[in-house]
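Residues per chain, in single letters:
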Amino acid sequence: MEKFTVLKGIVAPLDRANVDTDAIIPKQFLKSIKRSGFGPNLFDAWRYKDVGEPGMDNSKRPLNPDFVLNQARYKGAAILLARKNFGCGSSREHAPWALADYGFRAVIAPSFADIFYNNCFKNGLLPIVVNELRIDQLFHDVNAFPGYQLTVDLPRQLVLTSDGATQIAFDVDAHRKHCLINGLDDIGLSLLHAEKIIAFEARRRAEQPWLFG
Amino acid sequence: MPQTLYDKLWASHVVHVEEDGTALLYIDRHLVHEVTSPQAFEGLRLAGRKPWRIDSIVATADHNTPTTDWNEGIKDPISRLQVETLDANIREYGAKAYFPFLDRRQGIVHVIGPEQGATLPGMTVVCGDSHTSTHGAFACLAHGIGTSEVEHVLATQCLVQKKMQNMLVAVEGPLARGVGAKDIALAIIGRIGTAGGTGCAVEFAGSSIRALSMEGRMTLCNMAIEAGARAGMVAVDDTTIAYLKGRPFAPTGENWNRAVAHWRTLVSDEGAQFDRVVRLDARDIGPQVTWGTSPEMVVPVNARVPDPDKEKDPTRREGMERALVYMGLKPNTRIEDIRLDKVFIGSCTNSRIEDLRAAAAVVRGKRVASNIRLALVVPGSGLVKAQAEREGLDRVFRESGFQWREPGCSMCLAMNADRLEPGERCASTSNRNFEGRQGAGGRTHLVSPEMAAGAAIAGHFVDVRNWK
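As given, the protein sequences belong to chains A and B, one line each in that order. Everything in the first sequence is counted per my numbering, starting at -2 for the first residue and increasing by one. Everything in the second sequence is counted per my numbering, starting at 295 for the first residue and increasing by one.
Okay, chain A solo, but in the shape it has when bound (with noise of 0.2 Å):
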């Protein structure tokens, strides 16, 4: 996994509460069995004017220009700014890939969908938890100031605009900082524990039989 400490990036605000994970990746791009190019096919819905199916030239697809990805000065976005419940819905993880292989590596939002939360971090894509005033600041902020951007420091815990006047801090898990930071993979640690795993099962297994075999 990409390690992730200190990202200063333009920010792409998409103005919508409850965007859930149907919207990020739709279903037809989940066919895929891999991991990557789901970048050109994230908001598939509505960022295109057609309908998009998994194969397609999406370099040749009309474009809807009301789409904020689609306007120039959020070009090369590397943070997103959203609204409450973002990643609500599906568990499915395409919505982190779709993401990351866009080119972001944080979302700001008030709050997150648990499970979508939850699989950022296993991608290297930081979710970062605002106060709702001040995310209508940022709002604010990015609408007015095209080429808005803000730097999120993540051994720091903040969010910095770029002039350093506003500071934002915000919580994230010891566990899963010491991850991101150090880009691991967690099974490799949960690993470690082996033999406290060997021994609960064969504890459960004695307790509980009927789950096994």
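Think of the hints as simulated: they come from the structure by calculation, not from any bench. Idealized CB from N, CA, C, for every residue including glycine. Incorrect hints may have been included.
In the BS3-like style, the derived pairs of lysine-lysine whose C-alpha atoms are separated by at most 30 Å in a straight line are [claimed, not checked]: (1) Lys369(B) - Lys46(A); (2) Lys369(B) - Lys31(A); (3) Lys369(B) - Lys193(A); (4) Lys344(B) - Lys174(A); (5) Lys46(A) - Lys0(A); (6) Lys456(B) - Lys174(A); (7) Lys174(A) - Lys193(A); (8) Lys344(B) - Lys193(A); (9) Lys456(B) - Lys193(A); (10) Lys174(A) - Lys302(B); (11) Lys0(A) - Lys57(A).
Now the in silico label distances, taken between C-beta atoms and shown as ranges [said to hold, decoys possible]: (12) Leu181(A) - Asn365(B): 42 to 52 Å; (13) Arg628(B) - Asp12(A): 26 to 36 Å; (14) Asp12(A) - Pro371(B): 50 to 60 Å.
Covered stretches of chain A (in silico footprint by chain B; criterion: 3 or more residues with CB under 8 Å from a CB of chain B, positions within the stretch not fixed) [as the list claims (entries may be wrong)]: (15) 15 to 24; (16) 27 to 35; (17) 42 to 52; (18) 76 to 83; (19) 114 to 125; (20) 190 to 200.
Starting from the known structure of chain A, arrange chain B on it as the hints suggest.
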């Protein structure tokens, strides 16, 4: 100290805890399907790892499988590759049970787990699918996981988790005729919103829940995720135990007696503390119909489409306005005046035998309205289909003008050929009315099986409490 059901399930599966509370949680049952597993098996292979405990795995192909012309196989080559990849992975690594495409026991993963007795009380159950919450009906800690976590569970038999909060949703009182578990679920979501249960494990309790069959409890727990809760659950009682007895993978003999004695402890203790409590009176719950593009956009059938102008919160108002445009609806329209193009009865929410019986009772001897282009019944599994056919329900549906299909996820998420065309309006017993969920541009109204059946006959929504 008195414990909640969730406290007990959590405590009995903790293998290791970090200082910040992050725990390794042992997983008893791992359900696997074709869409969210290929990358996990691939990751395992690349790392040179093997599954930790093969006999925890129960697998099936359900999302991509067609519901017609099984003799012709899977025509879509991309879907076929995904299903064949699951075949190959299970062949290579093994499983306790695999119900591949064309197997007579194949079906939606959340229907076949309980049906086979592969979901047992006290288990932790995971699957790369958010509707894994369904299995909580059996007093399991059951929730959806992402593909990285699928790989993690394959490799370690554990999940990295932090304990969630305890939330109690208590529903008391008798339900009206024509009102069921789906209506309770939608009414709860309407009350607390789609993020109302975020960060929580929800226990459904109260006399209305106790009175539900296991099928009804599965419908309710299935929809917990639509309220934002990864896990929903119902305590063990006689209904739970009666359902499990004699299932293929349920314990037998002395093990059955030992298991039942343990299962009886899987209830919240008297005086257990919940972080949040929501109470509903079942007498206030009518048949529910969603009008928008989120399950929280829901009203009773005898109400009207809400007016965004009356909403004070600007983000909510914009959401409502956008939803009404997408749905092609005007504020203040009577729900019963909404005319439909298609009807879908199926999905992991409502495709079990009881759902089909309820819908069949509504349509028996009547004809699907002429404006309905397609009315579809998709049983949840091959065994549900066979049972329904033994009871003659297939004939009831067919004679009414419904199509009777092969089992699978079908038009709940439209990964196979079953879908809405742009602008088509559907009464659906599934769980999500998101934009494009049932097909690009499709308009979904979530309802119960009885309500979907009634809408198919009338051509528009009707209050099934008054059905004759």
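Hint-by-hint comparison with the structure:
no. : hint                              : result
1   : Lys369(B) - Lys46(A)              : holds, 27 Å
2   : Lys369(B) - Lys31(A)              : holds, 20 Å
3   : Lys369(B) - Lys193(A)             : violated, 47 Å
4   : Lys344(B) - Lys174(A)             : holds, 28 Å
5   : Lys46(A) - Lys0(A)                : violated, 36 Å
6   : Lys456(B) - Lys174(A)             : holds, 14 Å
7   : Lys174(A) - Lys193(A)             : holds, 24 Å
8   : Lys344(B) - Lys193(A)             : holds, 18 Å
9   : Lys456(B) - Lys193(A)             : holds, 18 Å
10  : Lys174(A) - Lys302(B)             : holds, 29 Å
11  : Lys0(A) - Lys57(A)                : violated, 34 Å
12  : Leu181(A) - Asn365(B): 42 to 52 Å : holds, 49 Å
13  : Arg628(B) - Asp12(A): 26 to 36 Å  : holds, 32 Å
14  : Asp12(A) - Pro371(B): 50 to 60 Å  : violated, 39 Å
15  : 15 to 24                          : holds (count 6)
16  : 27 to 35                          : holds (count 6)
17  : 42 to 52                          : holds (count 4)
18  : 76 to 83                          : holds (count 3)
19  : 114 to 125                        : holds (count 4)
20  : 190 to 200                        : holds (count 6)
The structure fails to meet hints 3, 5, 11 and 14 from the earlier list, while all remaining hints are met.
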